[in-house]
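Number of protein chains: 2
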Amino acid sequence: MRFRPATLLPAAFAFACTVCATAPAALAQTAPAQSAPAASKPRTMQEILDASKPSDWRALDPARTLYLDLDAGRVVIELAPAFAPAHVANVRALARGGYWNGLSINRVQDNFVTQWGDPSEDEKARRPLPKGAKAKLPAEFTRSERNIPFTPLPDADGWARQVGFSDGFPVGVDTRDDTAWIAHCYGAVGAGRGNDADSSDGSELYVVIGQSPRQLDRNMSMVGRVVQGMELLSALPRGTGPLGFYERPEQRVAIRSARMASDLKPAERLNLQVLRTDTPLFTELVEARRNRRDDFYKRPAGHIDLCNVPLPVREAPAAAAKPKR
Amino acid sequence: MRFRPATLLPAAFAFACTVCATAPAALAQTAPAQSAPAASKPRTMQEILDASKPSDWRALDPARTLYLDLDAGRVVIELAPAFAPAHVANVRALARGGYWNGLSINRVQDNFVTQWGDPSEDEKARRPLPKGAKAKLPAEFTRSERNIPFTPLPDADGWARQVGFSDGFPVGVDTRDDTAWIAHCYGAVGAGRGNDADSSDGSELYVVIGQSPRQLDRNMSMVGRVVQGMELLSALPRGTGPLGFYERPEQRVAIRSARMASDLKPAERLNLQVLRTDTPLFTELVEARRNRRDDFYKRPAGHIDLCNVPLPVREAPAAAAKPKR
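First to last, the sequence lines map onto chains W and P. So the first sequence is residues 1 to 325, counted in the numbering used here. So the second sequence is residues 1 to 325, counted in the numbering used here.
To be clear, the hints were calculated from the coordinates, so they are not data collected in a lab. One or more hints might be untrue.
Which copy is meant is left open, so a pair is good if it fits within one copy or across any two.
Pairs of lysine-lysine, DSBU-like flavour, derived with a Cα cap of 35 angstroms [said to hold, decoys possible]:
{"#": "1", "residue 1": "K53", "residue 2": "K134"}
{"#": "2", "residue 1": "K124", "residue 2": "K134"}
{"#": "3", "residue 1": "K53", "residue 2": "K41"}
{"#": "4", "residue 1": "K298", "residue 2": "K134"}
{"#": "5", "residue 1": "K124", "residue 2": "K298"}
{"#": "6", "residue 1": "K41", "residue 2": "K265"}
{"#": "7", "residue 1": "K136", "residue 2": "K41"}
{"#": "8", "residue 1": "K41", "residue 2": "K298"}
Only chain W is shown next, with the shape it has when bound in the complex (with noise of 0.2 angstroms):
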């Protein structure tokens, strides 16, 4: 069975399904049935999110989503305050300030970021930073493993002593410094700096459009990830000149505006849910992914790592925004 989108939004993790024969014809064939599964096999990926409750899913809190707006659409961000709080007020503040309206992302390079800011060359010439925002912040690469939430992978990492969720973010942690900090898997995102561990002030975002560049977990402050849109990043044109950067001003990707949802009005803010992390439900599709078992896969790998965990999106059903009685 092919897993189909077809009640969900497209999402920052692509719900990777199997790679079938093209033709539509063939595809129709195998849409989800209806009937119920046979009792011994487990449940795939869909069932799962089709059997979810309610108390499954979250809502995106207004006060820590970024929405970017592109000529092209809406990228929404979830801001992760308990990783990295000084960036995250920072992005706050720029977003409230306006910082980024007109500027434009100014770098694509395959395989691995997309990134957005001030292209200046001239540091005189550089957009001053909004009231609130701050030009000087700590660096904020890892916080102390205590009192996160967090649902363990059972899978090893080479990467890290431990990996996970914590709150819908794919976290590393290490028990022996008390670190936990946010890997960089597609979607993430984080800020980017020059060669001194604290130059970044949040101004400067870039997002993981590749194979995940874990080397950089440790070394960066990250503030969220693509919730949607991602397409949107990691579709774009690579640059042309060194690290992928544009190399003619007109080929930057106009930003219209970077805002907070919270400081829009409810009636023009997504009406999104993210998929809890700390729920048996969750579990059950870490292990349907662990080892497919459809009639696709011939072996399942009985492994999966942590940047290959879906997390699914999805609009806030009409029941749950118009709750009855």
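Using the hints, position chain P against chain W.
Same frame as chain W, now just chain P:
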């Protein structure tokens, strides 16, 4: 020091570098110095490549090089007959018979794959296979691990007993059941199939454009990998239909031609070289990437995943093309 791809072609595996502050002026200041590095400091990847000898590189073999020509440019695919001899033989026959000429890229699923072939829904409308191409092939998910060149990586991998490189291809190996297979890293090219293991004929090909979907390892017949032009496949608009298929025929990306380099006149071929993976220099490069020692990285990872190892590609130096005496 930041890596600048000054002398190298854009490679299928991006030379993932640091996430720097964007100002090009700042970049220019950090261009690789020509002076020798301090004796105590390990060489960076760029320094290693700069010091490479002609024998550290190998020319692509025209008999196993496929050119996929799109309006936007050429994608170069190195085929792997050592891993899927029947499929590669079919790919050669399909290319020679002009099978893909005028067909299209029909599917681009974000963070997963780009796929091309005949988009016809109606089986009867599908283009017949040319002479020499077989309609039925055996599944070639793995091969014997004996007698293949193999440079193991120092790090463990949750997806395979052992991982490393075989003649330039990232592979998994398991001596317990005597198998080896090409891993689904960024740029890997496989043969799409239906639910039956032996239902691929090589006419539908896909390439990995996101986080490595290693769960497909040992489930697909892998025909090769993209060595140049990856951005022509990874930056395409994502399909909005199920599984990332383009919903309207006009969204499909036309294939001008797909030809074997060996079927072109020598003057029409690209003169590309790829870094050999069975040399001390490559081992040094892997270590340089396992532990970044440049000024940007504050904490070397001490680890690298199979799909994070860059596989450099370059145009053959003029001196090599025209040996003196």
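Out of the numbered hints, which ones does the structure contradict? 1 and 6
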